Amino acid sequence: MFRTALRNVLAHKARLLMTVLAVMLGVAFVSGTLVFTNTISDAFQKSSAKGFDHVDVAVQPKYQDSEGDKLGRTPELTRAMLDKSADVPGAASAIGVVQGFTAIADKDGKLIGGGFRSEAANYWDAKDPRYPLTDGTAPHGRDQVAIDAETAKRAGYKVGDTVRISVDGPVLTPTVSGVFTTDDGNVAAGGSLALFDTATAQQLFGKPGTYDEIDVAARPGTSQSALRAQLDRALPEGLTETTTGKKLADDQAEMIASSMSSMKQGLLVFAGIALFVGTFIIANTFTMLVAQRTKELALLRAVGASRRQVTRSVLIEAFVVGLIAAVTGLVAGAGIGAGLRSLIGSFGATVPDGPLVITPGTVLAALAVGILVTMLAAWLPGRRAAKIPPVAAMSSLHAKATTKSLVLRNTLGALFSAAGIAVVLAATTMNSSDGQGPMGLGAVLLIIGVFILTPLLSRPLIAAAAPVLRAFGVSGKLARQNSVRNPRRTAATASALMIGLTLITGMTVLAGSLQHSIDRMASAAIKADYVVSMANGNELSPDVGRTLEETAGVTASSPLRNAPARIDRETEYLTGVDGGTIGKLTDLTVDDGSFKVGGTQVVVDEDTATSHGWRVGSDFTAGYEDGRKERLTVAGVYEGNEMIRGIMLDNATLSPHQTDPADMQIMVKTADGASAATKDKLEKALGSNPAVRVQSKKDISNEIARSFTLVLNMLYGLLAMAVIVAVLGVINTLAMSVFERSQEIGMLRAIGLDRKSVKRMVRLESLVISLFGGVLGVGLGVFFGWAAGQLLGTKMPTYELVLPWTRMGIFLLLAAAVGVLAALWPARRAARLNMLAAIKSE
Amino acid sequence: MTTTPTVDRATAVAARATELSKIYGQGETQVVALDRVSVDFRQAEFTAIMGPSGSGKSTLMHCVAGLDTFSSGSVRIGETELGSLKDKQLTKLRRDKIGFIFQAFNLLPTLTALENITLPMDIAGRKPDKQWLDDVIRMVGLSDRLSHRPSQLSGGQQQRVAVARALASRPDIIFGDEPTGNLDSRSGAEVLGFLRNSVRELGQTVVMVTHDPVAAAYADRVVFLADGRIVDEMYRPTAETVLDFMRQFPGGGNTSGSGARPQTPEFDAKGRTS
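These protein sequence lines map, in sequence, to chains A and S. End of the first sequence sits at 841 in numbering that gives the first Met the number 0; the numbers just go up one at a time, nothing left out. End of the second sequence sits at 273 in numbering that gives the first Met the number 0; the numbers just go up one at a time, nothing left out.
Treat the hints with care, since some could be wrong.
When the alpha-carbon atoms are kept at most 25 Å apart in a straight line, the in silico SDA-like pairs for lysine to any residue are as follows [claimed, not checked]: (1) Lys-91/S with Arg-827/A; (2) Lys-696/A with His-515/A; (3) Lys-476/A with Thr-109/S.
Here are some of the chain S residues that sit facing chain A, going by a computed Cβ distance under 8 Å [claimed, not checked]: (4) His-61; (5) Asp-67; (6) Thr-90; (7) Lys-91; (8) Arg-93; (9) Leu-107; (10) Leu-118; (11) Asp-121; (12) Ala-123; (13) Gly-124.
Calculated from the structure, these hints are not laboratory results. Keep in mind it's a predicted model, so treat the numbers as computed, not measured. Positions of the beta carbon are idealized from the N, C-alpha and C atoms, including for glycine.
Please build the complete structure, drawing on both the sequences and the hints.
What follows is the structure, given as structure tokens:
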């Protein structure tokens, strides 16, 4: 049997090509993901491990938990602790580490690296072993900074140049005293690192006289754990934590691995979708091959092959196909893994160098996925093959595939669909966390139901296209009839496309609606013209707020200052605002009391009020950062939203209790309203600082839109694979149909249908099948998008369904394009068919 | 005969092959399927082409009907010389001037009997002549089967649909390739009867390839082919005279110099000619 199966694979290699390609793409996706994530995480782990070379034991402050009205706090690492650490017998040296954020502008005034990886630290003593200088000298005082060699090269800075930097708002212009290299993981990943002398760093980052960490190096002969034990004894109990360098490196590696693993899982979901779509093609191909070989298989049965042997021969074929696809897919996957690395490099993300990692696990996964998926999908056709009676071999009639009644199938499909719709609808009435499970279950049921029902749906939906097709004369008529001729095959082909488009449409509908609602939320309650914040979301120095207040044209401004406090034995975040101006900057609906913020009077949002059982006039005690307590009174209750919520109090009341007040953002109202000129004026007033963003409501909308577009485009890219596999499916079905109908096509050519019309016939059939899949996909996608939105809507009062008509139109056009594209090759084959060979009887 | 058309129906030529040769392959493997064949098919005449398997009878029909290309010589359908035509023009010629009846796979399974009959006119985008269509359908006795699909018709009925299709567009000439090859003798006789009636009563021109002497007996004239050459012809044949003549056949033989051909006609290379 094995030999027969092998010969069959060889005999049908052209017809199996699309199947192999489909499986191969899926396997390539899987192995590409594995290779890519393994390679990246390996490289990151190696580079971050290097960063711990100079640390044998790290001393970190131990967070003191909140208790009663006393807010938890992080103790300070003092100079005394540093000296004590350096004095333990096993210590060779101890470094006090100060860390912070410093944005560096390039020569055009633009922020280097978007700000999210712009870090800063202190240069320790005269010669810091962590940062070997390649040029210049160590930084001294506020006017000097050292920058890492990569950043210097990228921006073109040399020793002696003046650079514009910003820590928390105000612009500083020190000169570059030196350029250094480092093993720092952040720099290896493409970030920038600025170094100041220790006193400057402590001052800039608001930690005068204290450190974030003390790194202790061991004397030769002293182990990391021995040193750690010595330090534990020497340092004040309960205030510090010690960790060995090895443990730090291991923890870091684990963290990288776990963050890569969630990325891996995300990618594998999409690979799974592509593979799932691929199974439709495999099943279709083997069904068609079995149907075409009915006689041959019946002959095998007639000469004594058992049913099981026939099934097995089909499965062996599938195994061979799967194996070929898996091996080629694995090779392609390794290529994709390597390609992805350089691709994300070209987007500006730097990945540490490292070898391409192909683990035995990757190889095994690729082979298993490719072979199992193919064999599983071929299993049903294989069983059908076994059911062919031996007598079929004798029949002189052109054997047809059994056209079993669709009644059972339709009943089953209707049940699944109805159950799916019911569960989804039920889920939309639940709250967003409870409803997720039922929603997913319902979605799966409905997709399965619709898939089972597609043969039934194909007739009316394709009939609806008849008037259009009539315009194409005989070609159109024949195309329509051919497309409903084998409803199961058409259904499987269209379903493959449907799945991809359902997901794409669903995501688009949901994202569009979400974007709209977040947009409304962001601007609804804000009367301010501009919101000023740090580009990377860090806190702003209060200086920025003061500068804005004094800027000509600014009529009102208020910083939003976050501070933790203990209230009712829980930690709550207070929002400090300028009580005098906040009323002019926001437009919050006040449900009860009045919007009065000042002294001990505060306003709270409904949710907070309800959870604490407060009403207008209620009193409560707040335990501040500095350990002091204060009685506050609720003056008003307002309707909160995603942007503004919680307890709002006057900064004059809050700030005295903060050691280092800093603002999340500053709202600004101007005399002239939002305009390019106003924005320019504000930016100039802030020293044209690239690290500070001045955004109007429109800018915020655009930014929200941009982030949604980015996510959507990534999803489109990932789902594109499923669509490509579906295209292969359409090509496959058409090519096989053309092959099966070669006699008919030959006859049509003989009685006068020209090549162009034959081509058009195949193309139209392809178009009909693809659009059928497209309509189903877009329809289901809209339904799922709506349902998921209902679920999320319970959390967002501003949520409202927005149907992206243009995009939906584009998706249908895409389906049509898929149809036309997929038909190119089969249509050519049909038109070039040898008429004489085709019409000759057997 | 000259090539100028004559008004006289009895002598007007519907199709003519002159010095027609068809050669497959080259050098050692060269096979001569048609060897300088010249033959006329006159209007309103029913011609049968006979010969053992591999004699080139199907090839001759395919070449004259514009289904196949030829190596040298000329073929005319009415006034049109086929040799100079491109595929597109040939297709149009087949559509407008020629009717076909094949041994099998004559009908599209997705179309009803009536739709199959009007298919060539649908392809051309022409409206069928209602009166004529009704006459043809009545003649082949399909009036009550028009909305049936081929799978619901018997083999004989299917072939009658094919005959009706060939007649419906009033082609200059109808070619049949073993049209009764797959039918039982009664259904075969019916189909042949319709073809003969269409010649006698409607003045249709029919050329049919067959290996069955009984079928050939329905024709006005039988042309005998062997080894790619016309070896004889017979007017007003009967089954007996045709059979007698066939018995004298050398049975293919290796006289044409195309030595690759096997002796036994029944087991001749199936893939090339039938």
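Given the proposed pairing of Lys-91/S with Arg-827/A, does the C-alpha separation stay at or below 25 Å?
holds, 20 Å
Closest C-beta approach of Thr-90/S to chain A relative to 8 Å, hint status
With Cβ-Cβ at 4 Å, under 8 Å, it holds.
Do the numbers back the hint for Leu-118/S, that is, is its least Cβ distance to chain A under 8 Å?
holds, 7 Å
Hint validation: Lys-91/S versus chain A, beta carbon distance must be below 8 Å. Holds or violated?
Since chain A brings a Cβ to about 7 Å from Lys-91/S, closer than 8 Å, the hint holds.
Does the CB of Arg-93/S sit less than 8 Å away from some CB of chain A?
Hint holds; Arg-93/S Cβ to chain A Cβ min 5 Å, cut 8 Å.
Taken at face value, is the distance from the CA of Thr-109/S to the CA of Lys-476/A at most 25 Å?
holds, 10 Å
Closest C-beta approach of Ala-123/S to chain A relative to 8 Å, hint status
holds, 7 Å
Regarding the hint that Gly-124/S lies at the interface with chain A, is the smallest CB-CB distance below 8 Å?
holds, 6 Å
Would the hint on Asp-67/S stand, with a C-beta cut-off of 8 Å toward chain A?
Hint holds; Asp-67/S Cβ to chain A Cβ min 6 Å, cut 8 Å.
Has the given pair, Lys-696/A with His-515/A, been kept, meaning a C-alpha gap of at most 25 Å?
This hinted pair holds, its Cα atoms lying about 13 Å apart.
Taking 8 Å as the limit, does the beta-carbon of Asp-121/S come near enough to a beta-carbon in chain A?
Since chain A brings a Cβ to about 5 Å from Asp-121/S, closer than 8 Å, the hint holds.
Do the numbers back the hint for His-61/S, that is, is its least Cβ distance to chain A under 8 Å?
Where the cut-off is 8 Å and the nearest Cβ of chain A is about 6 Å from His-61/S, the hint holds.
Checked against the numbered hints given earlier, the structure satisfies every one of them.
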